[in-house]
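Engineer: Going line by line, the protein sequences match chains A and B.
Going by UniProt numbering, the first residue of the first sequence is number 1, and it counts up by one from there.
Going by UniProt numbering, the first residue of the second sequence is number 1, and it counts up by one from there.
One should not assume that every hint holds.
Unchecked claim - Straight line, CA to CA, 25 Å or less: simulated BS3-like cross-link-like pairs of lysine-lysine:
| hint | chain 1 | residue 1 | chain 2 | residue 2 |
| --- | --- | --- | --- | --- |
| 1 | A | 152 | B | 7 |
| 2 | A | 67 | B | 7 |
| 3 | B | 7 | A | 157 |
| 4 | A | 152 | A | 170 |
| 5 | A | 146 | A | 157 |
In short, the hints are calculated from the structure, not lab data.
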Amino acid sequence: MEYVHSVWNYIASVCSCMHCAEDVGAQNIEPNERTHLLVDPVNHSPALRRSNSDGLSNDYSHSLPKKDDQTALSRLVQNTAINMINVGAMDCHSLEHQEYTDRIKIYSQRLHQQWNNVQHPNITMKGLLKDVPNHQFYITKPISAKDTLQMKLFIEKALIGVNQIQIDHKEAVVVPFQIP
Amino acid sequence: METQLEKVLSDIVTQQDTVGALLANRQGLCLGAKGDINPNVSGIGMAISDQVAALEPKSAVSAQPEARHPTICLYSGNRRCVIQRNGEITGIIYKQHTAAPASD
C-alpha cells in the first residue's frame, strides 16, 4: 500500500506540474487566432482523474486471474475518458465581451491585410471593347433599321437563290468503267 | 443554275450606300460576291457570325427570328460592314457612308 501511495503521489505531482506549465504558458502567451479554445481538455476532465485512480485501485485490489480483464476494462474506461471533453468543467476560458469584440476586430484586420497581399489573378477587365480607345463612341453608334432591313431582305432572297441551285448535267453522271 | 443568286447580289450592290455584298456557305466558302468586296473574307465573316451567336446561346432557340439570327455591324471610318447568318448561309454587306449621318 505504501508503494501505491508513492506511485499515486508521483502521478499527482506530475499532473500538477503539467497544470503549472500549462497555466504559465497560457498566461505568458498572449491569446491569438492560433490559440486553442480548449487548452488540453483531457487533463481538465475530471473523468480521467477518476479513471486514473480507479485503474490504480483496481489493479491492486483484485485477484490475479482477473487482472487481464480488469486492465482491459480500465483501459476502455480510460480511452473513453480521453475522448471525452468536459466543457463545463473548464471555466478558465470565459472571455469578457470586450475581449471578444477586440479579438473580432484584430482578426478581421489581419484578414483584410492578408486579402490585400494575395494576388488575385482572376480579376481581369470585363468587356469586349475595354482596350479600344474611344469605345464609347462606337458603343453608342446604333445599328440603323435600314441596314438590318436590307440585310434581312438580302438573306431571304439569297436563301431562295441558293435553294434553287441545282446541277444541270449534260453528260451521264455515272460513267461505267471499261471492265473487260 | 445560280442566276437567281447572281441577280440578288447585283440588286443589292445597286442599293444606296452599298458598295459590296458577299454570300458564304456553312463552311465559310464564298458562294458569290459582287462589288467592292474581297471574296476571301467569306470565312472571316462566317466566323464572326458564329462567335457572336455564341455570345447569346439562349437566343439560338428563341422564337423570334431576329434573336436567332443576330445582325453584326462593324464600323470603320466612313464604312461599315453588316453581317448576318441565317442557318446555312451568311451574308456580308459593305456599306459606305456618303451623306450626312442619318438619325436612325
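Engineer: All the hints need checking, so say for each whether the structure fits it.
Structural biologist: Comparing the hints with the structure gives:
For the given pair, residue 152/A sits about 16 Å from residue 7/B by alpha-carbon distance, which is consistent with the 25 Å threshold. The suggested pairing of residue 67/A with residue 7/B is violated, with an alpha-carbon distance near 109 Å, which exceeds 25 Å. As the CA atoms of residue 7/B and residue 157/A are separated by approximately 10 Å, the hinted pair is consistent with the 25 Å bound. For the hint linking residue 152/A to residue 170/A, the alpha-carbon distance of about 36 Å lies beyond 25 Å, and the restraint is violated.
With a CA separation close to 16 Å, the supplied pair residue 146/A and residue 157/A stays within the 25 Å bound.
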